[in-house]
Every structure is written in structure tokens, then in C-alpha cells.
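Colleague: Sequence:
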Amino acid sequence: MTRRRQNNLVSVRDADQIIRRAATTVAARLPQPLKDPVRRLVLSAVPILQCAIAAGLAWWVAKELVGNPEPFFAPIAAVVSLGLTLATRVRRVFELLAGVVVGIGVGDLLVMWIGTGPWQIALVVAMAMAVAVFVDGGPIITMQAATSGVLVATLLPPEDGLGFSRMADALVGGAVGILVVALVPTHPVRRARRDAGALLWVARDVLRQAAEGLEQSDAAVLEKALREARATQPGIDQLRGDLKAGRDISRLAPIYWGARERHRRIAETADPIDAALRNIRVLTRRALTLVKDGEKLNPKVVALVRDLGEATAVVRRMVIADPGQPPDEAEAARRLRTVARQARHEIVAGGGLSSGVVLAQARSVIVDLFQVCGMSRISALATLPPTVPHPAVEPDSEWDPDHKD
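Numbering (this note's numbering), first residue to last: 11 to 415.
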């Protein structure tokens, strides 16, 4: 009986995933021009549903329960507080409400004294934005204050008690927006996990291309890999934004309170993934310099970069895997240990500066990926073969100084 309840709960909680899978199957059968639009629509299905429910519920609450016959601002506040993206919605709600209050308050005061017209509108907008910048300075509160001021000065000039009603509408809309996020939430982990997987896919691809470019002394391949590596910053920003949104959802939505630990774990991968991509960019740039300079290169360096790319693929599969599904963190770490044993200083002996930098960056990437697998930085450093007689971090017992490739 207990298992049945748990299964029912999971099926409700993951309904959006079931819908996405079904829609993806349908989209695969559509003509090519329709596939991307359908995919975008499916990915936005839950946010659209949230906005629609919030708008209708905010109007009903403000009209039927609060008593405002025309609660114009309530559905607007609800929709704007949610939006179509997974930004930090809780902060956005309060910024929105502050902007509405500032805009309405300034607009009501000024319009009652100076009336409406072109220069009055300009003055209302200027004063509302100035007050908003003084109070907070964020873009949402500033633009919402300006928008609310324009509405007050044009379409909705102040009447008896109307200013208070509009502020109440904004409060109702914001509260409904928070309620809808709690009752109809998006998954707090899934988007961030997908973001992390996409970034690690790029990392794997860039490392493979770097190995190919080094092996074939092909500068064009390395230049392409470097362009891909440099284009990852928007993905990092998306990951961090979705992690912040997931944190809010895991706090607000009761059905996802149990996902807090999973969210914490995926959040801990953001910094090492970012660091790994930065180190891969440096590795690729130095590999390009190596090829252009015609520097002598030990084939074992190429093997190290290639095997690191394959290990990155395993780490990616670990990140995107559902709980309990392989590969787990231990398996990914074992694959990285195999690569770490190859990262010995001897493989660049007799080479130039660029060879040494490629090795150093590969070692840094290994440490970063170990941290993605849940290992501490000190423990990750201990897996690497020492490069000096007395390293700051003592190598662990699993590293065999007599190991030969």
C-alpha cells in the first residue's frame, strides 16, 4: 500500500516529464520546419500553464474576495511575477510589487496635482523611475514603476480610493503568483541537470577535437574547438539561473521538498563545471599555439587529452542519470582515476612550454571533474601523479609511482 502511494505521488509530480516525452515523440514525426517550434512550445508548457492559471485566479480573488470590480493590476502582477523563464521568481515578485507601488503612488500624487498630458506623462515616468532607482535600482522595479506610472497618467487616472485598490491588486497578483509556483511547479532539478549535461557534452566534444587537432597537427580543427569552448558562457549563466529558480521551487512547492538534497548536489557541480570549461579553453588555446609553432609533442599527451574527453562523457552521463541509474559518482571517479595516472610530468619531458601547459590544464580539468563527482579538491589533487619530490598534497595510496603505460 505504501509503495502504491509513492508511485502515484511520483506520477503526479513528474506529469510534465511524461507530457514532454509524448510531445517529443509526436514532434519527431512532424516535418522539419515544425519540429523546433513544437519543441519550444513543449518546453514552455508548464510556465504557460502557470501564467494562465495565475492570471485567472488573481482576477477572481481580487474581484470576488477583495471586492474590486475591475482588478486590472491583479492579473498583470501575477503574470509578470511569473514570466516565461525560470529566473528567481520570489525576488522578482517583490521587485514587481515595489515597482507597482512606486509607480502608482508617484503617478497618483502627481496627476492629482498637475493633471495629464505629454509633459505630465514625462514627469511621472521620470519621477517614478528616479524613486525606484533610489529604492533598489534593479531593472524590474525600475521598469515596472515607469509602466505603472504611465498607466496611471493615461488610461487610469486617479479616482476616489482607486490608488489603494490598485496597490491591493498588485499584492493579490504577486501572492497568487507565488501560490501557483508552489501548487503547479516546474521540476526544481531537471532543467539544471539538463544544462549541466549540455555543458559537459561540449567539454567532451572540445577535448576530442583538441586531441584530433594535436594528433594531426591541424590548426583548423583546434580553432573550431576553441570557438566552441569560448561559446559556453551563456550555458553557464543558464545553469546558474536555473539553479536559483530550482532553489526557490524546492522551498515553495511541498511536493518537491524532498528534492532539496538533489538540488544541493547539482548546485555543487556548477563551479567545478565552470572551472573545467575555463581550463579546457586554455588547454585548447595552448594546443593551437603548439601546433602553429611546430612544437615536438609526445603521443602520450594526445592520448591523455583523448582519454580525458571519454572520461568527461562518463561524468556527463552520471550528471544526467536519474537517481539510482548508472553510472554513479564512484564509477565516473574510477574512470577519471585511470586518466589521472596518465598525467605524469614525464610525458612532456623534452617538449616545449606549450606541451607543459597542455599537461597542466589537463590535470586541472581532471581535478574539476573529480569535484563534479562529489570529491573534495584536496582528495582530487591527491589522485594526480606528483610533479615535484615533496608535493603540497600527498599522493594517495592508489597512485603507483612504478606504473608504466
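Don't read these hints as lab results, they were simulated from the structure.
Just so we're clear, the structure is a prediction, and the values are computed from it rather than from any experiment.
Quick reminder that beta carbons are idealized off the backbone N, C-alpha and C, glycines included.
Careful: at least some of the hints might be erroneous.
Each computed DSS-like pair below joins lysine-lysine, with the alpha-carbon atoms no more than 30 Å apart [unchecked claim]: (1) K234 - K302; (2) K234 - K306; (3) K234 - K310.
Using C-beta positions, here's what the derived DEER-type ranges look like [said to hold, decoys possible]: (4) R240 - K310: 40 to 48 Å; (5) E271 - T126: 52 to 60 Å; (6) E341 - P149: 39 to 47 Å; (7) P41 - E339: 39 to 47 Å; (8) N308 - D281: 29 to 37 Å; (9) D228 - P149: 24 to 32 Å; (10) K306 - P47: 36 to 44 Å; (11) R240 - G360: 29 to 37 Å; (12) P43 - A229: 34 to 42 Å; (13) E271 - G360: 14 to 22 Å; (14) R50 - D247: 16 to 24 Å.
Colleague: Indicate, hint by hint, whether the structure satisfies it.
Modeller: Hints, one by one, checked against the model:
1. For the suggested pair K234 and K302, the alpha carbons sit about 14 Å apart, so the restraint of at most 30 Å is met.
2. Pair hint K234 plus K306 holds up; C-alpha atoms about 22 Å apart against a cutoff of 30 Å.
3. Proposed proximity of K234 and K310 is supported: the alpha carbons are some 23 Å apart, at most 30 Å.
4. Remark: the range hint 40 to 48 Å for R240 to K310 is contradicted by a beta-carbon distance near 27 Å.
5. Between E271 and T126, the C-beta spacing of about 55 Å keeps the proposed range 52 to 60 Å intact.
6. Taking 39 to 47 Å as the suggested C-beta distance range, the pair E341 and P149 conforms, at roughly 44 Å.
7. The hinted window of 39 to 47 Å between P41 and E339 holds, with their beta carbons roughly 42 Å apart.
8. A beta carbon spacing of about 32 Å between N308 and D281 agrees with the range 29 to 37 Å that was offered as a hint.
9. For D228 and P149, the hinted distance range of 24 to 32 Å is not satisfied, since their beta carbons lie about 45 Å from each other.
10. Remark: the range hint 36 to 44 Å for K306 to P47 is contradicted by a beta-carbon distance near 52 Å.
11. For R240 paired with G360, a C-beta distance near 31 Å keeps the hint of 29 to 37 Å intact.
12. P43 and A229 have their C-beta atoms about 37 Å apart, which keeps the hinted 34 to 42 Å range intact.
13. Distance hint check for E271 and G360: the Cβ-Cβ separation is about 49 Å, which falls outside the suggested range of 14 to 22 Å.
14. Distance hint for R50 and D247: a CB-CB separation of about 19 Å, consistent with the stated range 16 to 24 Å.
Figure legend: structure checked against the earlier numbered hints; hints not met, in rising order: 4, 9, 10 and 13.
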